[in-house]
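Protein chains in written order, with our numbering: chain A, 5 to 366; chain B, 5 to 366; chain C, 5 to 366; chain D, 5 to 366; chain E, 5 to 366.
Hints listed in this document are in silico derivations from the structure and should not be mistaken for laboratory results.
Built from N, CA and C at the ideal position, the CB exists for glycine as well.
Hints are not guaranteed to be accurate.
Claimed, not checked - Capping the alpha-carbon separation at 20 Å, the derived lysine to any residue pairs in SDA-like fashion look like this: (1) B:Lys363 to A:Ser203; (2) C:Lys231 to D:Leu213; (3) D:Lys361 to E:Ser314; (4) C:Lys32 to D:Thr197; (5) B:Lys63 to B:Glu36; (6) C:Lys172 to B:Gly29; (7) B:Lys363 to A:Glu304; (8) C:Lys99 to D:Arg179; (9) B:Lys364 to A:Ser203; (10) A:Lys364 to E:Leu366; (11) C:Lys264 to B:Phe95; (12) E:Lys235 to A:Ser203.
Unchecked claim - Computed far set for chain B versus chain C, every beta-carbon distance over 10 Å: (13) Asn204; (14) Phe214; (15) Lys301; (16) Phe316; (17) Tyr326.
The lines below spell out each chain.
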Amino acid sequence: MAAKRKRKQQTPKIEPKRARNLSPGTVKYTGEKSITKTQLDIIDYSIDHYERFETHNIKDAFNFEDSSHITWINVNGLSNTDDIITLGNHFELHKLIQEDIVTTNQRPKIDEYENYLFIVFKMLHYDENEQLTNEHVSMVMGKDYVVMFQEAEGDVFNDLRERLEHGKGRIRGARADYLMFAILDAVVDNYFTVVEFLSNKLEVLEDKLFDDKEDPNIIEEIQDLKKEILKIRKAVVPLREVVNRLEKMESSLIEERTNKYIRDLYDHIIQVNESVEIYREMIWGLMDMYMTTISNKMNEVMKVLTIMASIFIPLTFLAGIYGMNFSNMPELQYHYGYYYLLGAMVLVFFAMIWYFKRKKWL
Amino acid sequence: MAAKRKRKQQTPKIEPKRARNLSPGTVKYTGEKSITKTQLDIIDYSIDHYERFETHNIKDAFNFEDSSHITWINVNGLSNTDDIITLGNHFELHKLIQEDIVTTNQRPKIDEYENYLFIVFKMLHYDENEQLTNEHVSMVMGKDYVVMFQEAEGDVFNDLRERLEHGKGRIRGARADYLMFAILDAVVDNYFTVVEFLSNKLEVLEDKLFDDKEDPNIIEEIQDLKKEILKIRKAVVPLREVVNRLEKMESSLIEERTNKYIRDLYDHIIQVNESVEIYREMIWGLMDMYMTTISNKMNEVMKVLTIMASIFIPLTFLAGIYGMNFSNMPELQYHYGYYYLLGAMVLVFFAMIWYFKRKKWL
Amino acid sequence: MAAKRKRKQQTPKIEPKRARNLSPGTVKYTGEKSITKTQLDIIDYSIDHYERFETHNIKDAFNFEDSSHITWINVNGLSNTDDIITLGNHFELHKLIQEDIVTTNQRPKIDEYENYLFIVFKMLHYDENEQLTNEHVSMVMGKDYVVMFQEAEGDVFNDLRERLEHGKGRIRGARADYLMFAILDAVVDNYFTVVEFLSNKLEVLEDKLFDDKEDPNIIEEIQDLKKEILKIRKAVVPLREVVNRLEKMESSLIEERTNKYIRDLYDHIIQVNESVEIYREMIWGLMDMYMTTISNKMNEVMKVLTIMASIFIPLTFLAGIYGMNFSNMPELQYHYGYYYLLGAMVLVFFAMIWYFKRKKWL
Amino acid sequence: MAAKRKRKQQTPKIEPKRARNLSPGTVKYTGEKSITKTQLDIIDYSIDHYERFETHNIKDAFNFEDSSHITWINVNGLSNTDDIITLGNHFELHKLIQEDIVTTNQRPKIDEYENYLFIVFKMLHYDENEQLTNEHVSMVMGKDYVVMFQEAEGDVFNDLRERLEHGKGRIRGARADYLMFAILDAVVDNYFTVVEFLSNKLEVLEDKLFDDKEDPNIIEEIQDLKKEILKIRKAVVPLREVVNRLEKMESSLIEERTNKYIRDLYDHIIQVNESVEIYREMIWGLMDMYMTTISNKMNEVMKVLTIMASIFIPLTFLAGIYGMNFSNMPELQYHYGYYYLLGAMVLVFFAMIWYFKRKKWL
Amino acid sequence: MAAKRKRKQQTPKIEPKRARNLSPGTVKYTGEKSITKTQLDIIDYSIDHYERFETHNIKDAFNFEDSSHITWINVNGLSNTDDIITLGNHFELHKLIQEDIVTTNQRPKIDEYENYLFIVFKMLHYDENEQLTNEHVSMVMGKDYVVMFQEAEGDVFNDLRERLEHGKGRIRGARADYLMFAILDAVVDNYFTVVEFLSNKLEVLEDKLFDDKEDPNIIEEIQDLKKEILKIRKAVVPLREVVNRLEKMESSLIEERTNKYIRDLYDHIIQVNESVEIYREMIWGLMDMYMTTISNKMNEVMKVLTIMASIFIPLTFLAGIYGMNFSNMPELQYHYGYYYLLGAMVLVFFAMIWYFKRKKWL
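Go ahead and model the full structure; you've got the sequences and the hints to work with.
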């Protein structure tokens, strides 16, 4: 039962792209993580300034906007769509973007508007049950701010925040475009972790297969791994396109010197993608191995049966002959008839053994 | 029998592209839904006006044309080709377009003419027998009208009509191009529903497979799912091209601000397409699972046979030995000979059991 | 034997591309349909004129050339290469074109020359033995004539001729380019018929497979269908390229208004191609089904064997025990010993039955 | 043993691309055909002149160069690299080209230099053991000469030489570019022959498969065919690129009127390529057929076993019953007991036969 | 156990792309080869000068830089990142490049900067355990220097160094771009060696398969070969792109006359790639062969069982009949009854033999 429940959670669900048949541009949350209060986590910084601020009041975010500092606003919780709309209108986000922010199964993409870029991507992680889950994240990058929208708290950006706080690297001196890059970079870094985890699962599975224990669940596990790889690809492949477009984009929002970093990021995401493809091929290989393992086992079973049957069936026949009740069977009266027969049986036995040895079945 | 009939309905039929060997441009209905009277459903609206009107008289449609309002004419029934021709001539549609309107197996496409756009697409739905059927729909979009041609009444646009009636969203204030977008959007929304239904069927099938019950129909059901996916792809892939061309088209009929919506639509149809590809891969995985399930079962059958035979064949041989009628078989005269033999048999029995346990067959 | 002969006819033969090692441009017929006299079928028409004329004298074709009418010359029979050369020289065809006309395995292509277009394509049809055969056809289209070359009489253009004769459609008023389009259109129409026939064969095969009858020829029939699909693709795929190039060609020979028709034709040939791809995938599915069917049958055979053996082997062993001749076997003397044993046997029998029922083998 | 040796010869060897770690541009022969003397075969011709000349003295080749005639120099033997260098320097060939000439596993390519074109291609032929071998050939085409380098004598150009000698076709009147074309044309013609031979082997193999004889070598033969196809593709695919580049090249060395011929050549090589792809697919089909054949045979074996066992095991049990030695077995005393039992056995026998008939196993 | 350890070493590991969540541009070594002292191997040369110099002092490298000679600095050991940074800053390398130098799993790529090119590639070799290992190498090419970074000493450039020392080829007279080419050329040469080694392993495996010995490890070895091929592709495919970009790059750092060599290099790397693809296909073929081998063996096992059982089961039944104890069995009293029966048994025996011969099972 446990195995079945697990499997079901694995099946990639297609949720409605939007609450069905609503007018395009309608802001309606489609995910499952309902919260009562939208939570904001705001970091405001410049080369010689750092301030972090948490609040539940959306309006608080507006105070930071006019400053010459870079402001990173992290919005946790999408179910309270009024807050999203308030925020969206304040930053003058197009209706369709507001819709995409709360449409949790929107695929990764980038949209270029006059005053900001809009990027959707997925965070992947293995939860406590080793299930791969993906979280919908969207990000608006303007001249001096980045607003990020997540379904729930908890993400992969803690190191980034620490770097910001302690002024490590060039981030505090850079503009909002570098912050955007740093966020995507942390996401891709995280993909490496996920792929590594997957690679470990693959190795464990491969060992299991070689250990020759009969585990009828192996096929399910292989199937699950395939689905996880499909899930990862669904996050990685479109993000690769996003970064590629980002690299080629000639936007005034992106500084020349950030381009090198984006190219680097592109290299990394290609690398993730190639690894995924390689693991995919390896899983197909595992499948083949599993099939041949089954066939080999069946072969072995058949051999045992054939050897046993081939040895004893003729012997039993011989015993049957001399168990007949014909009145005139001279051999039965021979004094050593019984022993002669036993000898003949031993001969037959070893002839069969020799035959199977020659056939390399023994 | 039921299973077979069902399967047959599934087989995608290729109907003649047109009544064969007619002159190109001949308007001849190729579908199967014959009706006596073409039915028109006309909605005429502007930002402060809404009127809905049903009729069987084609000429009634002409009254709305000159108004400054947007007119959406829904033509149900294609078998009465005279009506189609009348209408087509009134809107000055090219002969080839008139032909495409009634050629039910025309694949989705877009044609650009000077005064109008012509789009063919497919509506998909599961009927009451859970059979996937597709319906041929074509649409002509002019400056201030949209004429849509369907084979029969009943479609996926009820929510759209309601939005029109109640003036929800920006639709009432927009031009005909936005109506065209809204129609395509509703169609793609519907594809999501269809794919979701398919995903449910896939899950049910997967559970069946894991439930280990022997169901000889599983292979047929997998085959059916494959065909449904082929059918969906046949509708989705060309429509993706259509929307892509629509996005890039520089037509005076499409307003600048509608373009954002079309790009959004394009994202969605790519998403449908990716889901279809993923389900396709999952079905191939199911097939593999089914094959290994069969092999595993055969393996188990073989093991039972081998264990039974390997245990009892040697024992039967021993019994056969002492059933022989040789006059001189001293063991037969031993007082405890019988019991010794029984003991030996028990030994052999447990030796075999131990052997199979070690081989992990038991 | 019949099956084998049939299969052999199916194997796509690669014939020499030309009588080997001849100088390029040598006009040598490579097909198998030898005829004594080249037969000409000439139709000369304009909007108010129609004349049909059959002859064996090549020179007769020259009379029509200068007329302001459109002349369609149908040349049946390619083995008499002198006639082809005479005709070719009269129309000033390049040597390589004359070679291509009689090289029956030339793949479909289009060549643009200053005064004419040269198109090679294949006519497909199922012959009386349901074998798919293809016929090499080439066509030269000049300003006011179309010359078509076929290996033998009999083609798919009868309806076209009738339309010409009775002046149906716009064909009588159009130029030679429209005639060329109409010919290609008839060919593509015919591909639809062929694909439909194939789809019927596929359905019959699928029914056979489900009918569970053991037909060892099914694998051969699947293989034959695969070959037919390869054959169709070999005709369709390059013709698609031809029509595509035709659509994009900026030739003075093709009028603007014909372009719409060619685009339509292109849509149709894409549709044929997609159908072929879908049937191809379905045949692979059939193959899989066949494999699982075999495996399932083997499974069933194994089960019957296992059940029979598992039930009777232990019983026979029991009977063997009490067939032994030990002098001291007290059970043999029990008055009801025999009946007790029979009872035990019945118990074992039902225990086995219960075991197999629980395993769902019965 | 013979089969194994054969197979080994089949395995495509990757030889070092050059004697490893030599300086680029080092002229070192990498093939296996060592000869003592380079042999030259020179044909010098113009429209009214033909001269053929064989020599072992490299310097002799220089006499022809200045003539206004076209000179075709055929160099047989590459192991004597000094000769190659002498010749190469005389024709002012780049060091890298001289290296490519003697590097026998160089893949087909074309290099354009100021005064000449350099083309590498492969000649394929089946040797006397029906093994497919490929020979490295390179060709330098200048304004009025073609120098061709082969590893050994013997090639596919005899018909071409004859045409030259007897002045057939337009070759004697054309320039060196046409000679180059004619050489490539002969090579592609030869590919047709090779593919045809392959197609015959395929057919023989298919017949073997249908003949149902058990030939354990079939799988090896299929594997060998696959390798041959890989070999052919390795020669054809890059040559297709070469011809494609040749067609598009705007070189002063290639006359306008030769272009038509090159386009024709391109058509032919595409045709070879398509055939190879089709045969490749057919071999995969053969593989599938072989697998199902094996499965079908196993099925048949299983059925025979099951039928024999299922019929006789119950009968033997019955006989075992009445072979027991219970003192009180009333049936044994019935006068017709034996005959009743025989009757019962016959009944069981026919019941089983009927059962297997119903299951269609008989 | 040994087999398992071996396999594990084979599994391509994905290491973190950088010490995770460090700031982009952080120089942190990610490999496993820790050394205490970075070792430098410097070659300084011009057409009439050659000097080789080894040191552990990074600063020593700076002496050579200003000379008009070409300087090739080989840095062995990446774990001492301070040295790398010192060197990197001296040559004014971008932070991201310094990061890439020590990030051992960076995939092959080329970056163009104003004053230098940066290339990452992989050296492949089989270690003493026949395990394929790859080593991360990066290279910076400036106007008159090449700096190469390796994880450890030992490489494939000894012949190149020798050529430099002895002034063979054109290398001493050429610029730094030719040195860069020569290094890449040596690397690609080495790929040929690796592929050749792989091809040998493939052949050995194929022979094993044909030798028909039952080696349960074959499937693991096939799997290992697949992984090695994946590894090689991971090194070759991106390097192909690198060389392609190098060929098309219009950098002042690359002289015109070097371009021909780079084009040649590109040909070679395409050739490696094609070979890898061919071996990949051959391994899939091996897999198929292995599957059919298993099936064939099972078939043979089944046949032996079937023949033995089918022959002796009926005979045993006959013996069972006459072992029954019916009081009235007239045959038992016939004087020659026993011999008649033996005769009948011999008849049955030969009938079965004949039957199996006819079925070609014997």
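Hint numbers the structure violates, sorted upward? 1, 5, 9, 15, 16 and 17
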